[in-house]
Each structure stands twice: as C-alpha cells, then as structure tokens.
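Chemist: Residue strings, one per chain:
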Amino acid sequence: MQDLIAFLIRRFAWMLLTLWIVFTISFFLMRFVPGGPFSSEKNVPEAIKRNIEARFGLNDPLAVQYFDSLMRTLKGDFGPSYRLEDFTVNEVIAQGFPISASLAILALCFALLLGVSAGVVSALKPGSLGDLTMMILATLGIAIPNFVLASLLIIVFVFWFDLFPTAGWGSAWHLILPALCLGAPIAAYIARLTRAGLLETIGQDYIRTAKAKGLPMRQVIGKHALRGALLPVVSYLGPAAARVLTGSIVLEQIFVIPGMGSHFVEAALQRDYLLSMGLVLVYTALLFLMNTLVDLSYSIIDPRVKLE
Amino acid sequence: MKNESSPEVPADAMTDQQREHYRRLLADAKRIQGVSLWQDAWRRLRKRRASMLSMYFLIALAVLAFFTPLLPLQSPLDKDLENRRGMPPNLQAYQMGQRSDLKFDSNSLVAEMDRYRQQMLALAEKVNEVEDPRQRQALRDEWQLRSRSSHPFNQLWNELDPVAWQLTRARVTIFGDWAMPSIFGTDDLGRDMLSRLFWGARVSLVVGVVATIVSLLIGVSYGATSGYFGGRVDAVMMRIVDILYSIPFIFVVIFLMTFLSEPTIAANLAAYGIDQIMIFYIVIGAIYWLTMSRVVRGQVLSLKHEQFVDAARTVGASQTRIIFRHLVPNVLGIVIVYLTLTIPAVMLFDAFLSFLGLGVSPPDVSWGLLVNDGVQAITPLKTRWWLVVFPGAALAGTLFALNFLGDGLRDALDPRMKNRT
Numbered sequence: 001m002q003d004l005i006a007f008l009i010r011r012f013a014w015m016l017l018t019l020w021i022v023f024t025i026s027f028f029l030m031r032f033v034p035g036g037p038f039s040s041e042k043n044v045p046e047a048i049k050r051n052i053e054a055r056f057g058l059n060d061p062l063a064v065q066y067f068d069s070l071m072r073t074l075k076g077d078f079g080p081s082y083r084l085e086d087f088t089v090n091e092v093i094a095q096g097f098p099i100s101a102s103l104a105i106l107a108l109c110f111a112l113l114l115g116v117s118a119g120v121v122s123a124l125k126p127g128s129l130g131d132l133t134m135m136i137l138a139t140l141g142i143a144i145p146n147f148v149l150a151s152l153l154i155i156v157f158v159f160w161f162d163l164f165p166t167a168g169w170g171s172a173w174h175l176i177l178p179a180l181c182l183g184a185p186i187a188a189y190i191a192r193l194t195r196a197g198l199l200e201t202i203g204q205d206y207i208r209t210a211k212a213k214g215l216p217m218r219q220v221i222g223k224h225a226l227r228g229a230l231l232p233v234v235s236y237l238g239p240a241a242a243r244v245l246t247g248s249i250v251l252e253q254i255f256v257i258p259g260m261g262s263h264f265v266e267a268a269l270q271r272d273y274l275l276s277m278g279l280v281l282v283y284t285a286l287l288f289l290m291n292t293l294v295d296l297s298y299s300i301i302d303p304r305v306k307l308e
Numbered sequence: 001m002k003n004e005s006s007p008e009v010p011a012d013a014m015t016d017q018q019r020e021h022y023r024r025l026l027a028d029a030k031r032i033q034g035v036s037l038w039q040d041a042w043r044r045l046r047k048r049r050a051s052m053l054s055m056y057f058l059i060a061l062a063v064l065a066f067f068t069p070l071l072p073l074q075s076p077l078d079k080d081l082e083n084r085r086g087m088p089p090n091l092q093a094y095q096m097g098q099r100s101d102l103k104f105d106s107n108s109l110v111a112e113m114d115r116y117r118q119q120m121l122a123l124a125e126k127v128n129e130v131e132d133p134r135q136r137q138a139l140r141d142e143w144q145l146r147s148r149s150s151h152p153f154n155q156l157w158n159e160l161d162p163v164a165w166q167l168t169r170a171r172v173t174i175f176g177d178w179a180m181p182s183i184f185g186t187d188d189l190g191r192d193m194l195s196r197l198f199w200g201a202r203v204s205l206v207v208g209v210v211a212t213i214v215s216l217l218i219g220v221s222y223g224a225t226s227g228y229f230g231g232r233v234d235a236v237m238m239r240i241v242d243i244l245y246s247i248p249f250i251f252v253v254i255f256l257m258t259f260l261s262e263p264t265i266a267a268n269l270a271a272y273g274i275d276q277i278m279i280f281y282i283v284i285g286a287i288y289w290l291t292m293s294r295v296v297r298g299q300v301l302s303l304k305h306e307q308f309v310d311a312a313r314t315v316g317a318s319q320t321r322i323i324f325r326h327l328v329p330n331v332l333g334i335v336i337v338y339l340t341l342t343i344p345a346v347m348l349f350d351a352f353l354s355f356l357g358l359g360v361s362p363p364d365v366s367w368g369l370l371v372n373d374g375v376q377a378i379t380p381l382k383t384r385w386w387l388v389v390f391p392g393a394a395l396a397g398t399l400f401a402l403n404f405l406g407d408g409l410r411d412a413l414d415p416r417m418k419n420r421t
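Line by line, the protein sequences are chains A and B.
Sequence positions in the first sequence follow this note's numbering and run 1 to 308.
Sequence positions in the second sequence follow this note's numbering and run 1 to 421.
One should not assume that every hint holds.
Claimed, not checked - Incomplete in silico selection of chain A near chain B, CB under 10 Å:
1) Met15
2) Leu17
3) Leu152
4) Ile155
5) Ser171
6) Leu175
7) Gln270
8) Leu286
Said to hold, decoys possible - Label pairs and their in silico Cβ distance ranges:
9) A:Leu296 to B:Arg31: 35 to 43 Å
10) A:Leu199 to B:Trp38: 26 to 34 Å
11) A:Leu269 to B:Gln144: 38 to 46 Å
12) B:Gly397 to A:Leu199: 46 to 54 Å
13) A:Leu129 to B:Gly397: 44 to 52 Å
14) A:Leu269 to B:Leu217: 30 to 38 Å
15) B:Pro362 to A:Phe157: 54 to 62 Å
16) A:Gly214 to B:Gln18: 58 to 66 Å
17) B:Asn330 to A:Leu199: 46 to 54 Å
18) B:Ile59 to A:Gly214: 53 to 61 Å
19) B:Ser318 to A:Tyr66: 36 to 44 Å
20) A:Leu129 to B:Pro362: 54 to 62 Å
21) A:Leu129 to B:Gln319: 38 to 46 Å
Treat the hints as calculated values from the structure; they're not laboratory data.
Think of the CB as a built atom: it goes at the ideal place given N, C-alpha and C, for glycine as much as any other residue.
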C-alpha cells in the first residue's frame, strides 16, 4: 500500500512538471507572435477584446504576465475562448470531454474485444486459413490510415447500405462507425500481440498440466493461458490510449462530432490560442493518467511487477 | 599435406585414424565461410518473400516518383471545370493543352511551345535591331521576364525544379501531346487523379525520408552521447526524453504549425530562406527522435566496454571520434531497422497533418491532401469513390510495404539469428 501511494505521488509530481513545461512552451510561443497573440486579428468584437486585455494585462512585464497566467491556470481557469463568444475554455472542455471520452472508451472496448478474439482464434490454429486471414486483416488494419478507413466505411455503410447515420451526434448509432474506425488499428496491434503471447504460453508446462487434469479447453485458454498472454497487450494499452486521443481528432472532424478533438482543430486553425493551450494541457494530463492506470493494472495482473 | 598435421607430430608418425580426423576438421573449416553481419542479414532477408517484394515495390515507387515528369501524365493542377469534373475512371483520349481556356495554339502543348519559341526568337531579334539603348534595355527586360514566366509549362505545372523541367521537356519530345487517359478518374475540379497521385508521391516520399533523416541525426547523436558518457549525464538526458515522451506531441505540433504558418511569422522565416515545407521536416524530425535515441543509447551502453573502444582510447582518439567513428557504425543495423519503421510513421503523420490542412499546402499535392479532397467530395448525392480509394490505396500500400520491410530487416539483422536461416 505504501508502495502504491509513493508511486502515485511520484507520478503526480512528474505530471505537474510535464504540464508546467508544456504550459511554458505554449505561453512563450504565443508571446512570440509579433505584436502579441491578438494583433493579427482586425475585427475582434469589442467585448472580447476588452476581456482579453483585462485578462492578460498585456502591458505588464513579461515575467509578471507569465506568473499571473500560470497561477490562474493552476487554479484551473483557462480563460475565455478567443473565438467562441460567451464561452470560456473551461466550458468548451466541459462540453467536449464527455463526448470524446465516450468515443474513446467505446473505441478501446471495440479494439480489445476484436483484437483479443481475433488473436485467440488465430493462435488456436496457427497456420490455418482462419489464422492467415486474421493476420492479413491485422496487417491491413495497421497500414490503412484511419481516415481512409472512415471514408470507405461511410461510402459502404452509409451511402450504399444506409445502415448508419452519416455524421453528427445524438444517438448511440452515431457512435458505432467512428468508434470502429478509431479502434481498428489498435485492434490490429492487439490481435498480433495476443497471438504471439498466446502461442508462447500455450507451449508452457502449466498449460499442459491444466489440459492433463481434464479442464475443458475454454477454461484452459480463458483462465490459464490468456492471463499470461495478455501482459504485452496491457502494456500496449498506454500507447493505445495515446493513439485514440490523436485519432479522435481526425475522426471527430470527419464525422462532425462536437468533441474536444474537433474543437482543438478548429481552435488551431482559427488561432484561438487560449483554447488550444487549454486543450493541450488537458490532453497531456489525460495521457499521464492513462499511462499511470496502465502501470497500475499491470501490477495487478502480474504480481511479479513492482511499482517504481 | 602439411596443413593436415600439427607441427609437433611429423606426418609419417600419424596413424590413419588421426589423419582422417584432421582431414575431416579441415574439410569442416573450409565449408564454414566467414560472413559479415551484412552478408548474413542479406541472405536471411532474401528468404523472406514478403519483405523482398516490399523492397522491390518501394524501389519501383521511388524510381517512378523521381521520373514522374518524364511520364506521359496529364497536368496535375490544370482545372477543367466545364468538361472534366468528377469523371469516373475512363479511357477517353486526352491531349495536352486540349482545354480551350488555356488558349494554346490549336489546343496543343507542342504547337504552343513552337509558337512560344518563335515569339521569343522574334523578340530576341528585335532586341538586336533596336538602336536606342533605353528601348533596347526595356525590350531585353521584357525578354527576360517572359522567358521565365510565360513558358507554357508554367500553366500546367507548378514550380518545376531544374531537373524536373528538363525531364518535362524530354517528355514532350518523346510523347508529344499524348497523355494517359484518366484511368483513375478526375477530381471535383477536373484534375486527373493518376497524375496527382504521382506528383503527390514525390512530396509524400520526400517528406517521409527527409523528416526521418532529421530525426535520425538528432536521435543518434543524442542517444550515443548519453550512452557513452553514462552516469549523471545519462540520467539527466534520459529524464528529459522521459518527459518529452509524455507530452502528446501531435497537439503541440498542430499548435506549432498554426503558429508558424501565421502570415507575419511565415514572412519572417521566409526571409531566412525557410519555407513551410522545411519547417514541416524539422518539426516532424524533432519529435520522432525519441525512440531512436533510446534504442541507440541502450546499444552504446552495452558496446562501450568492448575492447575496441578501450583500444581506441589507448591510441589517443578523442571522445567525439570514439562516439562517431567507433560506436555509431556498430549500432547502424538497429538504426536502419528503426529507420524503415519511422518512415511510415512520419508519412502517416504527414498525411494526417495535410488532412487537417496543416501540412503541405496547395498547389503542392501530397497523398494526405488527396485523401482529404476525396473525403470532402463524399456526399449522399454522388459517391466519387475513386477519389478516396486510389490515394488511400497508394498510402496504405506504401505504409504496408515499409512495415513489412522493417519487420523483415529486424529479423534479418538480429544478431541472435547469426548463421541460421
């Protein structure tokens, strides 16, 4: 237990350090836009302009400005959005986060479900036709960029067969296609990892023992073999989470989902610096959180792993 | 035979059995040939058909991309809004310069080039005839201006570099006005998809390779330095890498790209001769070096206590020399493997950024841009599938081949596989 607390505290400290670095880089980048971040815009509504100037104290010395906004950000106040009238960055994030999160979670579930079952199927009969098909599919899944996959799926399932709504947000049906596209490359990796891991564990003595004492095959695989085989899959979940985050930017764009990703692209293209900075900070924190969770679950699955 | 016997025992004192034993040893020794790591790896790689096919595919792609201007393709950017919008794949004949709005002489590129040449000759003659020096200077200026800007090529291609210019001339000489029909269809603005694919390949491949080389240079020097010095330097340097790893770089890069493409900043950078695409290389290269530096560091850590490093130090080699002459060549194998795996990652990232409108900008074409155009063109009314399928397939095929080659190379260069098949 003490280990666990020490581990969490250490992780938290690293996260703060990373966030601080990201903040500092973005802050100074914004400052280096000639004449300040807002001068390139000619027709900013007067109200927004006043807000911004009050918020930044743009005439203060740089160091003062830096500490002021650092303090505000520490308190969790990211400031007003520069483009969306009447919205603060916090409000935009609060709106987009649940949408993106449900998309990401669904995508990860898809990936795990498809990936692990494909991996198990092909590992049970290596060299068979099923194995070959699964592995070709997996390699394809890795090579096809998810936005290409998304457009193909839209053409086939929306326009030709009319099974899903084209785009937008609202019902669970809207989630299926984007989550599938988001999860596909991850499912492909997981399938490969599961297959390799399972092939290795199946050859071990304890599996033979389990078989010899007459356990049904389902139990041998499900209870004994998979547990050992899934370790690499679990450790891949960290990078997978990062992939989901980046992938969601494009897919939210294609499927017109009002999540954090499409806000981010919009903010970046519109040079809404405060909003993009806020979102970058949120994404950094999320990534850290996911990696920590993965490390924790790793130590639960495999008792030999020590938290460091 | 002298070789067969050991020096202590004279040949005639050996029993037949001994002689036979030595003979067998010698035969064995003859059969085993010393092979270098590279020969060995090459032999193993050749046995993997998928990797070899991928390699041939990539070589063919690179050659085709380089010689694109020589191929009889339609113009990648001439828009024909009246007659050729969104045509599905077809075999309709096409003549260079056939669009009447180009105002080419008898709607033919060859004829137009003739006319242009004659005009320029006439102008040059006029320059020689005119007596008044001021008028003459004005005419000469006009000649120079026109020789650069009003060549018919400028209407059909965008900023050809000198090599591409010569290749295009050669192409016109060889093929005349003939161009491939739009076998891959045309896009929403009436541009030929096949030709855009080829021109896009040039950009996408170059971005992939150059950005990877940038990341290679940074990663290898950083990793080698960190591993070689070890101790506290290593700890600090690797901590920095750890922190960088946990930053979601894609977001920072998007942020950075929008920031750098801000008009005033872009103008400032352009004054130093840095254009958008160069920034792109540097930024991508600057984020993909992390894995490379970790791998190289690990290798160097294990190599630096080998005897050849001590030997180099004994003869007084400098540290820079030891790192770059003795250590780096030894980690080359693993570096090459990561190279083939970094290129697809970078190309995907480039496609991703172009897709978002932050990478390569028109009139340049890249595969990411093409896919983006294709996605934009998807509407319930008309599915122009060829706009998505062909660039998507090109991108996926190349990434596929690079991944396969990388996997194959990783197995082939694995030292544990030495002398095995």
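Chemist: Look at each hint and say if it fits the structure.
Modeler: Against the structure, the hints:
| no. | hint | result |
| --- | --- | --- |
| 1 | Met15 | holds, 8 Å |
| 2 | Leu17 | holds, 7 Å |
| 3 | Leu152 | holds, 6 Å |
| 4 | Ile155 | holds, 5 Å |
| 5 | Ser171 | violated, 19 Å |
| 6 | Leu175 | violated, 19 Å |
| 7 | Gln270 | holds, 9 Å |
| 8 | Leu286 | holds, 8 Å |
| 9 | A:Leu296 to B:Arg31: 35 to 43 Å | violated, 55 Å |
| 10 | A:Leu199 to B:Trp38: 26 to 34 Å | holds, 31 Å |
| 11 | A:Leu269 to B:Gln144: 38 to 46 Å | holds, 40 Å |
| 12 | B:Gly397 to A:Leu199: 46 to 54 Å | violated, 28 Å |
| 13 | A:Leu129 to B:Gly397: 44 to 52 Å | violated, 24 Å |
| 14 | A:Leu269 to B:Leu217: 30 to 38 Å | holds, 31 Å |
| 15 | B:Pro362 to A:Phe157: 54 to 62 Å | violated, 30 Å |
| 16 | A:Gly214 to B:Gln18: 58 to 66 Å | holds, 59 Å |
| 17 | B:Asn330 to A:Leu199: 46 to 54 Å | violated, 32 Å |
| 18 | B:Ile59 to A:Gly214: 53 to 61 Å | holds, 56 Å |
| 19 | B:Ser318 to A:Tyr66: 36 to 44 Å | holds, 42 Å |
| 20 | A:Leu129 to B:Pro362: 54 to 62 Å | violated, 46 Å |
| 21 | A:Leu129 to B:Gln319: 38 to 46 Å | violated, 57 Å |
Violated hints for the displayed structure, listed by number in ascending order: 5, 6, 9, 12, 13, 15, 17, 20, 21.
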